[in-house]
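**Q** Full structure from sequences and hints, please.
As a plain string of letters, each chain reads:
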Amino acid sequence: MSFVSEALWVLLLGSLLGLELIGKVPPTLHTPLMSGANAISGVTMLAALTLIIKAGGNVPLLFMGSVALAFALFNVIGGFLVTDRMLAMFSRKTTRRKDDY
Amino acid sequence: MTFTALIKYSIDLIAVLLLALGIKGLSKVRSAREANRLAAIAIGLAAIGVIINSLGSDGVSIDALIWILLGTILGGSLGMITAKKVPMTAMPETVALFNGCGGMSSLLVAIAVALFPVKTGSEEIVSGLVEDISIAISVFVGGITFSGSIIAMAKLQGWLSTPKWMQSKLRHAINSAFALLALIAVIELLKGGINGLWLLLIGSILLGIGVTLPIGGADMPVVISLLNSYSGVAASAAGFVVGSQLLIVAGAMVGAAGLILTQVMCDGMNRSLVSVLFGGALGAGAVGVGGDKGGEYINITSCTAEECALTLEAAERVVIVPGYGLAVAQAQHTLREVTRALEAGGIEVNYAIHPVAGRMPGHMNVLLAEADVPYEQLKEMDVINPEFPATDVVLVLGANDVVNPQAKSNQNSPLYGMPVLDVQEARTVFVVKRGMSAGYSGIKNDLFELDNTSMVFGDAKKVLGDLLVELKELGVGRKG
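Listed in order, the protein sequences are those of chains W and C. Going letter by letter, the first sequence gives residues 30 to 130 in our numbering. Going letter by letter, the second sequence gives residues 10 to 489 in our numbering.
These aren't lab readings, by the way, just hints derived from the structure by calculation. All values reported here derive from a predicted model rather than from experimental measurement. Heads up, the beta-carbon is just placed ideally off N, CA and C, and yes, glycines get one too. Worth double-checking, as some hints may not be accurate.
Cβ-to-Cβ under 8 Å is the rule here; a few derived chain C residues that face chain W [unchecked claim]:
1. A48
2. L79
3. T81
4. V375
Pair by pair, the computed Cβ-Cβ distance ranges are [stated by the list, open to error]:
5. C/G444 - W/P55: 33 to 39 Å
6. W/P55 - C/A353: 26 to 32 Å
7. C/A323 - W/L45: 54 to 60 Å
Covered by chain W, according to a simulated footprint, are these stretches of chain C (three or more residues, beta-carbon under 8 Å) [what the hints assert, rightly or not]:
8. 25–31
9. 41–47
10. 102–108
11. 239–253
12. 265–273
**A** In structure tokens, the structure reads:
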């Protein structure tokens, strides 16, 4: 049971860390933060990767793993890029303001 | 511990650290962009860690590599195309879509492991019961996340509206039945029945639909944020299924952080999470309670862009209230041209940003930033509300529920208690709107009947274009 008890500790500490990470968020960042956190939740791609690697030639398993990987990567890559697109608009504006003055 | 395992653990630790820094940095304007990159690097590192570890133990077969490549190319390229092509106005829907796919992935992994028992590395140590529980949680939460997110996306896109029967109290009974179905399925699954798996899949997907479908109006962003938190939980459960501590901790972090973000959003709207989820939608849940719902408008004054321009020309302080209609019409750039002209004419222009204007908190900030509106002109509700009595003209662009005075005056209104922008305090209010249809919540807006309100009918982009022409003819903003 050592993996389970360790894993439960990891779960507990990870949750506590998550609760502490964000405090006050300016409304401007609500959408980008949600989008960024959403991209991170695509880490489930690690599970899909593990599944494919451990499938051992079982084709249905390889196929399901691959589909799961595609879904997760769609989430991860799309999520990070779209967040970056949103945030880029904020930074572009600040540099322009610097030029104005 | 083998050498490769040691490398993997180091990579995992770095990845967790970067993820934590990433989430933290994303909540501050200055560091947000870097933080987003850090988080992306962290995920990439974690993936490399998984592959390195496997190379050290059993090795990675060519078959596996091909399937990994297939999934990566398919998901990655679709993600890239979507992220590049999607217009800024459709951001909320896009986040919902991405989120649903993340939930789907966790669900698929759990189902695959349940159908074909594999040596995932944890198997020797994880007892069958723990694995079954993890699979059940992963399927249940993943299913709700997937179907809920897709429904949220469809509703935001306007592909779906809430069916009448879903607005009645009946939906609580229906959803309870779905939940019960899922519970029975879990028990069946834990007893070893594979049919329980399919039952659980159906139950959780139906529950996701049933819970999300009646939610509308300003509550939708909260639901997307909550579903976002769920997908973290699903990922964490998938971590138990495949025995990955990194996945467990990352999923837990995102799940918890998502919950806090959801709470922050609820606070911004003065709503409790429970009332969002079980109290039903603003409006939708209170059918037959608010007497004004769907009421006829009697006393409406409408005017043309020309009259509006004349009033604007004479104003000293103008406040713009953007809403979803502005986003739909893609009118942010035209709006910026109008406000540039006004500013050049010596008129003070500010933007009143309601916390949930649009379909997502911060939606308007993103939209206006795209049109180069200076950050300091965007005023939050608490800041701008006391300034309305000293404002000459308010221009409401495609916003409706967030400027409905009913929320303060009518205790029977479903909107009652929601903080709104007090635009009616200004001297003159112009509401640019396509027609007299109700807002997203379906509630009549008392503002439109007030004496100091005039309606300018038309698509926001077209009206603003006309307004720009009229202002130019009046010579507003012309230098010298």
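**Q** Please write out, lowest number first, the hints stated earlier that are contradicted by the structure.
**A** none
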